[in-house]
Amino acid sequence: MSEKKENTAKTEVKKAKVSSPASSFKVIVREIVKDKIALTAFIVIILVILFTFGGSLFLNKEQVTETNIVDAYFGWGMNGHLLGTDDGGRDIVKLLMMGGRNSILIGLCVTLICETVGVLIGLVSGYYGGYVDAVIMRIVDFVQVLPALPIEIVLVTVVPKFSPLTLVWIISLFGWTSTARLMRAFVLSQRGRDYVLASKTSGSSDLKIMFREVLPNITSMLIIDVVLTVAGNIGIETTLSFIGYGLPTDVPSLGTLINFANDPVNVVSRPWLWLPATVLLLAISLSINYVGRALQRAGDARQREN
Amino acid sequence: MWKTVLRRILIMIPQLIILSILVFFLAKMMPGDPFSGQINPNTDPKQLEALKRAAGLYDPAPVQYARWVGNLLKGDLGTSYIQHVPVTSLIADRAVNTFWLSILTTVISYSISVPLGVIAGRHQDEWQDQAVQIFNYITFAVPPFVFYILGIWLFGFTLGWFPISGSVSPSASGFWGTIGSQLYHIILPAILVALITTTSIVQYLRTGIVDNKVEDYVRTAHSKGVPDNVVFRKHILRNSLLPIASSLGTVITGLLSGSMIVETVFSYPGMGKLFLDSIGQRDYTTLTALILIFGILTLLGNLLSDIIMSIVDPRIRIK
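Chains A and B, in that order, are what the protein sequence lines are.
Numbered per my numbering, the first sequence spans residues 19 to 324.
Numbered per my numbering, the second sequence spans residues 199 to 517.
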């Protein structure tokens with residue numbers, strides 16, 4: 019970002035009356051570092067990523083998911099299994115690494131699709147306004163009121179050749195609307211600004227204004243949305259896997275591990291099956307959200323300085 | 199105002215039509231037909247074929263759709279593949295349970311969130327606000343099912359305060375005994391769901407209060423010498439309650455259709471549990487009916503929200 023833009027951003031922040039999108043990355047970084055909890059949350063995210071993605075590098079999927087009934091239900095620390103084993107004799111630590119990685123990866127993929135679609139639709143809808151906007155928004159409204167979870171479950175069961183990638187598409191089908199809505203709102207607030215009008219008069223094409231001029235100005239809002247959406251999407255995947263309609267059974271997920279808690283016997287006498295996964299999911303969700311919220315505070319001057 | 203309401207209802211008609219088409223095709227995608235549950239080795243394939251033809255399964259899609267909608271309007275949602283009873287009666291039994299769970303949840307949820315939101319908004323950025331914010335982070339960030347699992351583990355198993363499954367104890371007798379037992383079964387899931395639904399209400403209320411505090415009319419009231427408490431109650435709070443009033447519709451329908459997870463964790467015999475049981479048993483007629491009901495409920499919830507909003511907020515009416 020250029021020097022000039024940063025300067026204007028700072029004066030805007032000082033005025034602090036209008037809730038304007040933060041145009042500077044520096045404000046965001048400063049806000050995160052200042053906020054001790056957000057910094058801790060950020061470190062937790064890094065550690066979780068190191069544990070899941072780093073750990074998975076040393077694992078072989080076939081070995082981890084191989085069943086060996088003889089080793090079933092070892093408790094904490096028994097036979098060299100730090101967190102014990104599940105009903106198929108699989109090591110919980112390894113399942114946590116792979117499951118965590120899969121859950122995060124799915125969350126990221128869904129977010130990538132939803133944000134791309136959401137940004138495109140938001141840009142078009144907000145920039146052109148009028149009829150285009152009205153029609154698109156009615157579609158967005160309609161998708162938003164659909165009962166997403168039941169339909170997702172049905173799709174998971176009826177789609178032939180179900181794979182993790184299919185799951186990504188199914189979740190994405192319902193996830194793009196909130197981003198589209200949000201982006202539209204930001205674009206609407208930008209489209210009357212002087213720089214857009216100036217660009218129009220000097221003959222820039224609509225596409226160029228949308229992607230090269232408006233989009234960079236809403237990037238910081240986009241980043242915040244991405245962070246919060248990742249957390250939400252991890253939640254959707256784990257929820258679906260938890261009730262048994264998420265990832266295929268041979269693909270570990272945090273949700274399938276927590277699913278062990280659906281059996282009262284496991285809840286009482288084998289907490290190592292589901293508790294570590296629950297704690298890991300808690301840690302990821304909370305940290306990602308905390309960082310996202312801190313970013314949001316950094317972006318919204320009014321919520322910060324009053 | 200009636201104009202706004204009427205226009206809003208008119209918008210719902212195309213939405214309902216699209217929803218019904220969507221559900222119809224979703225149902226078509228599901229394998230099986232009403233006769234697959236009745237097949238036994240003695241069934242003559244030719245006879246089965248004739249049955250299917252008579253039931254119109256080979257008609258063109260629009261004809262089938264029209265017939266399906268016709269039956270819907272007559273209140274006929276079909277017959278369950280598995281239980282061989284009308285889907286309407288199957289759902290009606292469960293809907294009562296989900297209904298009460300939702301009502302109790304809503305009551306608890308609003309009685310927690312309104313005070314919390316007021317505290318957070320009034321003491322913006324002080325410790326009270328920060329405490330509420332932490333509570334909000336947790337309830338917003340954590341996927342609900344994690345909450346239910348931890349709640350059932352702590353209060354159900356470890357402390358043993360509440361039952362962990364079912365909707366009524368088999369030993370309950372008499373009118374009051376039954377009601378008491380039902381309430382006892384419903385209270386823990388209701389509290390857990392309520393804790394999660396508070397988030398958005400608290401947040402709306404807090405933001406509303408924070409925003410309204412700096413409005414001109416508040417400053418005017420202050421400078422005219424109106425006591426702080428009166429300004430807060432009569433001006434700030436009243437205006438901040440608007441978005442909450444309108445969220446009531448979505449909260450209720452969200453609970454009705456989002457009951458799936460909590461009912462699964464608590465083995466509570468409601469509509470959500472019925473949905474998951476039906477999909478496990480491949481009972482597609484029941485599934486289709488439930489999706490349709492969930493969809494209609496959400497549409498109605500949104501309609502309700504918009505109508506409440508147009509009643510309480512005159513600015514929307516003018517537009």
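Read the hints as simulated data drawn from the structure, not as lab findings.
Please note that the accuracy of each hint is not assured.
Stated by the list, open to error - Looking from chain A toward chain B, a few residues come up when the C-beta cut is under 10 angstroms (computed):
# : residue
1 : R156
2 : D159
3 : T175
Said to hold, decoys possible - Only pairs whose alpha carbons sit at most 20 angstroms apart, straight line, appear in this in silico EDC-like list of lysine to aspartate or glutamate:
#  : chain 1 : residue 1 : chain 2 : residue 2
4  : B       : K250      : B       : D274
5  : A       : K52       : B       : D323
6  : A       : K54       : B       : D414
7  : A       : K54       : B       : E324
8  : A       : K52       : B       : D274
9  : B       : K201      : B       : D504
10 : A       : K54       : B       : D323
11 : A       : K179      : A       : D159
12 : B       : K432      : B       : D414
13 : A       : K52       : B       : D327
For every residue, glycine included, the Cβ atom is placed at its ideal position computed from N, Cα and C.
Hints, one by one, checked against the model:
1. Hint on R156 (chain A) holds. Least Cβ distance to chain B is approximately 8 angstroms, under the 10 angstroms limit.
2. Here the hint on D159 (chain A) is kept, as its CB sits about 8 angstroms from the closest CB of chain B, short of 10 angstroms.
3. Restraint check, T175 (chain A) versus chain B: the minimum CB separation of about 6 angstroms is within 10 angstroms; hint holds.
4. Taking the CA atoms of K250 (chain B) and D274 (chain B), the gap is about 19 angstroms. The hint holds against a cut of 20 angstroms.
5. A C-alpha spacing of about 15 angstroms is found between K52 (chain A) and D323 (chain B), which places the hinted pair at or below 20 angstroms, so the restraint holds.
6. Using a Cα cut-off of 20 angstroms, the hinted pair K54 (chain A) and D414 (chain B) is violated, with the two alpha carbons roughly 35 angstroms apart.
7. For the proposed pair K54 (chain A) and E324 (chain B), the alpha carbon gap of about 17 angstroms is at most 20 angstroms, so the pair holds.
8. The straight-line distance between the Cα atoms of K52 (chain A) and D274 (chain B) is roughly 62 angstroms, outside the 20 angstroms bound, and the hint therefore fails.
9. A C-alpha spacing of about 13 angstroms is found between K201 (chain B) and D504 (chain B), which places the hinted pair at or below 20 angstroms, so the restraint holds.
10. The suggested pairing of K54 (chain A) with D323 (chain B) holds, with an alpha-carbon distance near 16 angstroms, which does not exceed 20 angstroms.
11. With a C-alpha separation of about 31 angstroms, the suggested pair K179 (chain A) and D159 (chain A) falls outside the 20 angstroms cut-off, and the hint is violated.
12. Our distance criterion of 20 angstroms between C-alpha atoms is met by K432 (chain B) and D414 (chain B), whose separation comes to about 14 angstroms.
13. A distance of roughly 19 angstroms separates the Cα atoms of K52 (chain A) and D327 (chain B); the hinted pair therefore holds under the 20 angstroms criterion.
The earlier numbered hints that this structure contradicts are 6, 8 and 11.
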